[in-house]
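Kindly generate the complete structure, drawing on both the sequences and the hints.
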Amino acid sequence: MMASETRTSGPARTARTRGVPPAGRGEPGAGAGAVGGAVGGGRTGAAGRSGLSGRAGLTVLAIVLSLVSIFPVLWMMTSAFKTRSTVTDGRLIPREFTVDNFVYVFTEVPFARYLWNSFLISAVITIAALFFHSMAAYALARLRFPGRETIFLAIFSTLLVTIPVVLIPLFLVARELHLLNSYAGLIIPAIFNAFGIFLLRQFYLGLPKELEEAAIVDGCGHWRVYWNIVLPMSRPVLSALAVFFFLANWNAFVWPLVSTNDESLTVVQLGIASFQTQYSSNWNYILAAATIAALPMLALFFAFQRQIVESIKTSGMK
Amino acid sequence: MSSVAARGRTTAAPGVAAPAPPRRRMSRKHREWLAAGLFLAPDALGLLLFVGIPMVLSIVLSFFQVSGFGSYQWIGLGNYDRMFHDPLFWQSMKITGIYVVVLVPVLFCVSLGLGLLVKQRLPGIGVYRTALFLPYVISLVVVGVLWKFMLDDQVGVVNRAMRAAGFDGASWLGSPGLALGCVIAVMVWVMMGYYMIIFLAGLQEIPREYYEAARIDGAGPWTAFRTITWPLLRPTSFFVLLMSTVAAITGGLDLIFVLTNGGPANGTSLAIFYIYQQAFGFGEFGYASAMGSFLVLIMLVCTGVIFKLTRGGRFDDGK
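Order-wise, the sequence lines are chains L and W. For the first sequence, counting from 1, position 283 maps to 381 in the working numbering; every step adds exactly one. For the second sequence, counting from 1, position 155 maps to 348 in the working numbering; every step adds exactly one.
In short, the hints are calculated from the structure, not lab data. Note that this is a predicted model, so its numbers are computed, not measured. Even for Gly, the Cβ is constructed at its ideal location relative to N, Cα and C. Keep in mind that a hint or two might mislead.
Calculated pairs, SDA-like style, for lysine to any residue (alpha carbon to alpha carbon, straight line, at most 20 Å) [said to hold, decoys possible]:
{"no.": "1", "chain 1": "W", "residue 1": "222", "chain 2": "L", "residue 2": "314"}
{"no.": "2", "chain 1": "L", "residue 1": "307", "chain 2": "W", "residue 2": "501"}
{"no.": "3", "chain 1": "W", "residue 1": "222", "chain 2": "L", "residue 2": "311"}
{"no.": "4", "chain 1": "L", "residue 1": "307", "chain 2": "L", "residue 2": "332"}
{"no.": "5", "chain 1": "W", "residue 1": "501", "chain 2": "L", "residue 2": "247"}
{"no.": "6", "chain 1": "W", "residue 1": "222", "chain 2": "L", "residue 2": "255"}
{"no.": "7", "chain 1": "L", "residue 1": "307", "chain 2": "W", "residue 2": "225"}
Stretches of chain W that chain L covers, calculated by requiring three or more beta carbons in the stretch to come under 8 Å of a beta carbon on chain L [to be verified]:
{"no.": "8", "region": "266-280"}
{"no.": "9", "region": "324-334"}
Now the in silico label distances, taken between C-beta atoms and shown as ranges [said to hold, decoys possible]:
{"no.": "10", "chain 1": "W", "residue 1": "420", "chain 2": "L", "residue 2": "401", "range": "40 to 48 Å"}
{"no.": "11", "chain 1": "L", "residue 1": "247", "chain 2": "W", "residue 2": "420", "range": "17 to 25 Å"}
{"no.": "12", "chain 1": "L", "residue 1": "337", "chain 2": "W", "residue 2": "456", "range": "40 to 48 Å"}
{"no.": "13", "chain 1": "L", "residue 1": "247", "chain 2": "W", "residue 2": "371", "range": "30 to 38 Å"}
{"no.": "14", "chain 1": "W", "residue 1": "238", "chain 2": "L", "residue 2": "337", "range": "21 to 29 Å"}
{"no.": "15", "chain 1": "L", "residue 1": "309", "chain 2": "W", "residue 2": "500", "range": "32 to 40 Å"}
{"no.": "16", "chain 1": "W", "residue 1": "269", "chain 2": "L", "residue 2": "182", "range": "55 to 63 Å"}
Next up, the structure:
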């Protein structure tokens, strides 16, 4: 049901940000169905007229593709409940259902610790990033100061720099700052990325100016305007970004891999990778561990699907 | 909101009573500059320290021989010379080339196709969108673990299904070409949902009236796609091509790490993986930085080519 919200809110938001009439929001009547068929990418020549059979074909196609898409995830989850001897039996539904694999993973390896580390790091990065990025974006969108466009361009140009590209010098910088093997080292470098600044700036550019102006005329300082007016108004975009940041940092692997080697700092992705090397043929345990790492993200996804989709949609628009 | 304004008024009262209005106006402008500086400071400093300086440092490092802790020796273009004579580096570049040239178009077509499909008003469309997007939220490490299990020669479900259908199973991750194909296929499976959403957003921006007009004029679905969808989708296509190319050149380390570890016979050792190995496996920070800088150069060239091909995502250049 989250998905249906996505469907209606998508065009609505598009209309708001881009000023085009909200296309595709009418009742799913006959005309709409025919138009839907007309952009089907060349299925049948008569799709415009005989929309019904074309739609049926497309529905079947969608169902098949959806099944192909989720099968591996389903396979991982059900296999995690199989025993050592049946994990490779090729059945989707376990014949002997067991939760021993999960118990084993938590007792054999400090997996709870890994989960906690990942949670802590992702949460702190998300909160700090949203705070700093919204401040910077507010300044770039709303305040007037010399060099504003230059600074924005400089920040924007860092968008193409991905972590793997600067991994080596980043490692050396972190070493100089004594950030290696610490929570600070896992957290601080991951806070700063231009993606969030860019998205928030675009959002702030679209906000009505009158409220702030009234507040400024009334003698409100810029901090008060930001904190009491702009921040509450940006709740939708902030929540979308929050979920997106949390997801990205929970899934982070490369930076934790090079910047830590202390087991008390191991994050869940590193934990899985090394668990897999250690228990290489015990697929039941490995898949249980993988399921544990994936479940929080799947839960987050189902709870905040709309926000994730919104943040992605916005990122593709300029 | 009105309460905020009201509170603002009461606190501002002493300021309004200040004796020198002209000075106040000056200071208001400067106050705005100061506020901007303070608002920008954390991000500007952080980006400088963790993105800007590393970028410059990466090029500087490429002229040094770095051995062990803090021993830097200037060797000029020595690392680049070594790079041009390193067959393993060129093999990794070749693999990266194949990887990008196959992955980017396949991902583009699959995502566009899915975008067109999930734009339709089909019964239960929300469920399909969710299912097709789902793999994207799973980490590449978990994805690597999962597909290693599915693609296993002996116990994997892929071979099991093939044998059940009467084919011979294949050693998917056991031969270099097949393994690279598997990495690409897995990457498409993970990323298609992300770009599907981006295409969907782009498609939903195209006014429906255009299609209605085209239909009245007797245009079939293919004509409508070619004359309306494709040109109006150009900004989105530009974005997707750019992002997926950059991601293909510099990303995927996590997946390679878990799924193939660069093997077999270096068959999936992408340039970024080879660079990682040189730096963190052998401590060759200078050499790895030289190769990294070269990779960034290639990335910039690709970006330029994409920009040219799609005319920067603008509509009006054709005239």
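Hint-by-hint comparison with the structure:
1. Of the pairs offered as hints, the one joining residue 222 of chain W and residue 314 of chain L holds, with about 12 Å between alpha carbons and a cut-off of 20 Å not exceeded.
2. Taking the CA atoms of residue 307 of chain L and residue 501 of chain W, the gap is about 37 Å. The hint is violated against a cut of 20 Å.
3. Only pairs whose Cα atoms come within 20 Å are accepted, and residue 222 of chain W paired with residue 311 of chain L is accepted, the gap being roughly 14 Å.
4. Distance check on the hinted pair: residue 307 of chain L and residue 332 of chain L sit about 14 Å apart at the alpha-carbon level, within 20 Å; holds.
5. Proximity of residue 501 of chain W to residue 247 of chain L is assessed by CA-CA distance (about 25 Å); at most 20 Å being required, the pair is judged violated.
6. Our distance criterion of 20 Å between C-alpha atoms is broken by residue 222 of chain W and residue 255 of chain L, whose separation comes to about 28 Å.
7. Only pairs whose Cα atoms come within 20 Å are accepted, and residue 307 of chain L paired with residue 225 of chain W is accepted, the gap being roughly 16 Å.
8. For the region 266-280 of chain W, the stated coverage by chain L is not satisfied: 0 residues place a CB nearer than 8 Å to a CB of that chain, which falls below the threshold of 3.
9. Interface restraint, the region 324-334 of chain W with chain L: holds (10 residues with C-beta to C-beta distance below 8 Å; minimum three).
10. Distance hint check for residue 420 of chain W and residue 401 of chain L: the Cβ-Cβ separation is about 41 Å, which falls inside the suggested range of 40 to 48 Å.
11. A C-beta distance of roughly 37 Å is found between residue 247 of chain L and residue 420 of chain W, which places it outside the suggested range of 17 to 25 Å.
12. In this structure, residue 337 of chain L and residue 456 of chain W meet the distance hint of 40 to 48 Å, their C-beta atoms being roughly 42 Å apart.
13. In this structure, residue 247 of chain L and residue 371 of chain W break the distance hint of 30 to 38 Å, their C-beta atoms being roughly 50 Å apart.
14. As the Cβ distance of residue 238 of chain W to residue 337 of chain L is approximately 26 Å, the hint placing it in 21 to 29 Å holds.
15. Separated by about 38 Å at the C-beta atoms, residue 309 of chain L and residue 500 of chain W satisfy the suggested range of 32 to 40 Å.
16. Distance hint for residue 269 of chain W and residue 182 of chain L: a CB-CB separation of about 58 Å, consistent with the stated range 55 to 63 Å.
Hints 2, 5, 6, 8, 11 and 13 from the list above are not met by this structure, while the remaining hints are.
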